[in-house]
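So you can see what is in the structure, the chains are spelled out below.
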Amino acid sequence: EYGVTAALNQTVDSIFRKSLTDLVRGIRNNKKNESTYINKCLQEIKEELKLANNDVKISAVQKLSYLHMLGYDMTWAAFNVLEVMSCSKFTAKRIGYLAAAQSFHEGIDITMLTTNLIRKDITGPNLFDSSLALNCLANMCTPDLARELAVDIVAMLNSSRPYIRKRAVLMLYKVFLKFPDALRPAFPRLKEKLEDADPTVVTAAANVICELARKNPKNYLPLAPLLFKILTTSNNNWMLIKIIKLFGTLAPLDKRLTRKLVDPLTNIINSTSAMSLLYECIQTCTVGLSSVTSVIRLCTTKLRSFVEDPDQNLKYLGLIALHNIMLNHPKAVMEHRDLIIRCLDDEDITIRLRALNLLTGMVNKRNLIELIQKLTDKLETAEGIFRDELIEKIISISSQNSYQYVSDFEWYISVLIDLTRIPVNKHGKQISWQLMDVAVRVKITRAFLARQMILLLKDTRLYSDNRSNVNEVLYSAAFIVGEYSQYLDDIYEAIDALLQPRITSLPVNVQIVFVQSVLKLFSFAVSGTVIGEVDEDHLIERVSQEQLLEIMLRLKDGLKSLIQSDHTEVQERACFISELLILVENSNFSDLNNELGYLFTDVLNPVAKDAQRRVPIPEGLDLDAQINEIVESEEEEFENGDTNFLSFGYEETQNTSKFIEEETQKVRISRKQQKQGPYYLPDDSKLNTDELPPVEQITAEMLDLKGNDRLWAKRPTASIPKRREKIHVIKTEEMPDDALTEDIKEIIEKDSLSKIDLTAPLRDDEILPTAKPYGITDPKKDKMTEKKKKSSRNRKSRNENDKDRREKRSNKSRNDNNRPRKSRDDLKRNGESIEKSISSNKNN
Amino acid sequence: MIKAVLIINNHGKPRLIKFYELIDVEKQQQVVRECFNSVSKRSDRNCNFLEGGGFWSKETKLIYRHYATLYFIFCVDSSESELGILDLIQVFVESLDKTFENVCELDLIFNMDKIHFVLDEIVMGGLVLETNINEINEALTNQNKLEKNEDPLSGLKDVLNRVQR
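Chains as they are written, first to last, in the working numbering: chain A, 1 to 844; chain B, 1001 to 1165.
Bound conformation, chain A alone:
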């Protein structure tokens, strides 16, 4: 096929057929109708792939590779890619393997068919075929391929060429990822590579172990002495970087290791001129040697020069490293505060964001207000991502550790309210939750907050800005006004604010809170009952009869439009209140007064974020068990009806009533189960709900609610008293009874590779899977075929013999019954029988 004439013919052909170059040029010349042109080319490629000519196929696959980069899928041509990969020409293999790396994956069936080809190429004599195959496999390895080829890859760890060895080492990592069971048997061989003669192979081994150590570091602690030797003797920067990173993961596990590392790392920090190496040393010291203060001080000094360097990259890295140090040693970083604040003005947004991040850890009670002031000043000129980050940071800095650093809540609340005035604000929800959080956790702020929220409710800006979600703040504002209504000056003002006509333009979830808050206000007004816990300083004035009538009038007015709202929940609540109003009107006031008040006397405490997930599943509850058995009983009913026609009618009614009874029984059981199930948050009241009759029959006496016969007194003060002693913040959060100690989500996420324990010794059955030959073996025949193979082997190249020796070495540890070992005597004895078999074969 490769005579010159044939080649010439092909070239002539290929001039008219599109090569990759033609394709690319064609696409560039057809910019306006690019996709039509490409689709035409795809059609041509499909035709080309149907031809038997290999060169045409190769060119077609090459073009497909290119089109893949433009977003055109080529998985439909997988078989052709396989064909090109299988060609013996190196050019073809290069193109085929590239296409495979781009498009093959677990979901494609053809991938399995590559196993033997890849095995052949990896273990074969051609250096570059081998590297091509290893490279391709690294990109598209599947669990099946990993399992099948593990033993071959491990064999290549002993190749005579470092070019192959380092590729085999890196490939091992992919094998471990897809087939974790290979880790334990293969690890001793990987460990050997740390002592390989070639430094790039050692670096590759360190690289793989570094990646593995991220999942389960204690497995690799025993390697520390070996790694230490490399650390102190090598001068290859890449290798040192990997080893130092590895030590960063290992050092926190062992104090002795930490102590041993101090000297070599300090040496490197003081002597190296390579910034990359210096940086990695500092990072490792931060993570692993954070208890050694002298080292940390050295690091912060060096990092200061990073941040002061005009090179933006060094500045950025300096800020990152300082942040890591700050997590353990905030004071060490404090002294560089001014430098970091200067970075807030840098023109590079990445640096500004990092500086901002760093500031979070540099606050204390004294400097919080000043710092937040600086940040709010910057808000005026900031835009985009930086502005969003600023807002988020202002909130998170102030609220960290349950408001540990806030001494003046009045100031903080006014900061939050100022934040709502920023145009195009996407932080409505956050600010909203902050306000609610402060109100619920910090009791002394409630009076101040309630009044401020009235002002917020009347702020026109919050209703009209459509580009932001700042109207979410009204959610909390309404809630606070309702929940803590005992602190309000003027109930009329509150009701008017809560029932203004423009609330119908708000999102539904916010409207609902408004309506509910109106109810709370009303119940408070009617009963004079205090919502929640009573604070000695803040007592309430009872509302007079005339005032009450006036309130009810305003309520009726305001609710008129809400009763006709399009949203069901709003409508429902509004109707409920209206009916309640009618009831109060028509009845004797004193009866209803107290009862209305009881609606809202329970305290609302903060609930933990993961409380839901931590609800333990009670023993004996099988979530997957069938609850209903409707289908079966239906069949039963049908069968019974079938057999007896005469009494059909009678039996049917009997069955249906029995059916209904069974059903209600089942529903009752399932409801009971539901109550005990994981999705039901029990309350901590003294009620035992199982013993209660159905809802309609429950009377108020049975519920044993806290009564409240408090006296009335003066209005609370307008501002929050500034107290010297610590302000009490409610930190305890509600959790379900018997909450699980660990979050379920975290338990599930540990993958199988990280679960493997390398410290246990290797068992006999833990070997890499090998392909076993098929068929029944005849020991005599086997011996003969072995001899034939041996003689033919001598004719092949030296490389092949290397491979055989390697195979034999790797086979030593395994009992291989199919290939019995022969001694010289055996061969002599078999000499005659071989000749006999040769002649008998000839006769056949």
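These are computed hints drawn from the structure, not numbers from a lab.
Among the clues, some could well be false.
Unchecked claim - Here are the in silico distance ranges between beta carbons for each label pair:
id, chain 1, residue 1, chain 2, residue 2, range
1, A, Gln-373, B, Ile-1133, 49 to 59 Å
2, A, Glu-766, B, Ile-1133, 38 to 48 Å
3, B, Asn-1010, A, Leu-327, 37 to 47 Å
As the list claims (entries may be wrong) - Residues from chain A that keep clear of chain B, each with C-beta distances beyond 10 Å, as calculated:
id, residue
4, Leu-8
5, Glu-48
6, Pro-423
7, Glu-572
Stated by the list, open to error - A few chain B residues that face chain A, going by a derived Cβ cut-off under 10 Å, partial list only:
id, residue
8, Lys-1013
9, Ile-1017
10, Glu-1026
11, Lys-1041
12, Leu-1050
13, Ser-1078
14, Ser-1079
15, Leu-1083
16, Lys-1098
17, Thr-1099
18, Asn-1102
19, Val-1103
20, Ile-1109
21, Phe-1110
22, Leu-1127
23, Ile-1133
On a predicted model such as this, the values are computed, not experimentally measured, just so you know.
For each residue, glycine too, the CB sits at the ideal point set by N, CA and C.
With chain A fixed as given, assemble chain B onto it according to the hints.
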């Protein structure tokens, strides 16, 4: 680990995309667009690092270098040394320079597969394989020799290719 290597020109056209994670073809194009958008906004005076967003997780960094009309972007996770990768990009570009003799964007446009072959000498399966420019160039030269030897008309083809360009 390196998650992806992208070469994108100043107008957002990809010249090389190599993902070391399994991502489907459409998503790949989306990621390319996202990376280009983030990177092209930055001035040359800014640092060469961007933190992940959009498709990438927060721990992923985009380490990039801008050469004339091309952005070379490496998307890496926290196990890679940032300054080391910057150096590696330089090695990659130098290697391309040697392969194509004073490489320009046009070379990359018409020889996409060859760029892959160069990259494959430096990064394998997302892990750094070789950092020494001489080793890389030597291996590439040998492989290219192999290709030339297989093709009896390679000389003629070279001329034809140059003429067509």
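A quick look at each hint next to the structure:
1. Gln-373(A) <-> Ile-1133(B): 49 to 59 Å: 53 Å, holds
2. Glu-766(A) <-> Ile-1133(B): 38 to 48 Å: 42 Å, holds
3. Asn-1010(B) <-> Leu-327(A): 37 to 47 Å: 39 Å, holds
4. Leu-8: 7 Å, violated
5. Glu-48: The assertion about Glu-48(A) holds, with a minimum of 17 Å to chain B.
6. Pro-423: 23 Å, holds
7. Glu-572: Holds: least Cβ distance 41 Å, greater than 10 Å.
8. Lys-1013: Cβ of Lys-1013(B) sits 9 Å from chain A, so the hint holds.
9. Ile-1017: Holds - the Cβ of Ile-1017(B) comes within 10 Å of chain A, reaching about 5 Å at its closest.
10. Glu-1026: 7 Å, holds
11. Lys-1041: 9 Å, holds
12. Leu-1050: 6 Å, holds
13. Ser-1078: 9 Å, holds
14. Ser-1079: Constraint on Ser-1079(B) satisfied, holds at 6 Å.
15. Leu-1083: Since chain A brings a Cβ to about 4 Å from Leu-1083(B), closer than 10 Å, the hint holds.
16. Lys-1098: 18 Å, violated
17. Thr-1099: For Thr-1099(B), the interface hint is violated, since the closest Cβ of chain A sits about 14 Å away, which is over 10 Å.
18. Asn-1102: Check failed: Cβ of Asn-1102(B) comes no nearer than 19 Å to chain A, outside 10 Å.
19. Val-1103: 16 Å, violated
20. Ile-1109: Because about 6 Å separates Ile-1109(B) from the closest Cβ in chain A, which is inside the 10 Å limit, the hint holds.
21. Phe-1110: Hint holds; Phe-1110(B) Cβ to chain A Cβ min 5 Å, cut 10 Å.
22. Leu-1127: 5 Å, holds
23. Ile-1133: 13 Å, violated
The structure is inconsistent with the numbered hints 4, 16, 17, 18, 19, 23, although it conforms to all the rest.
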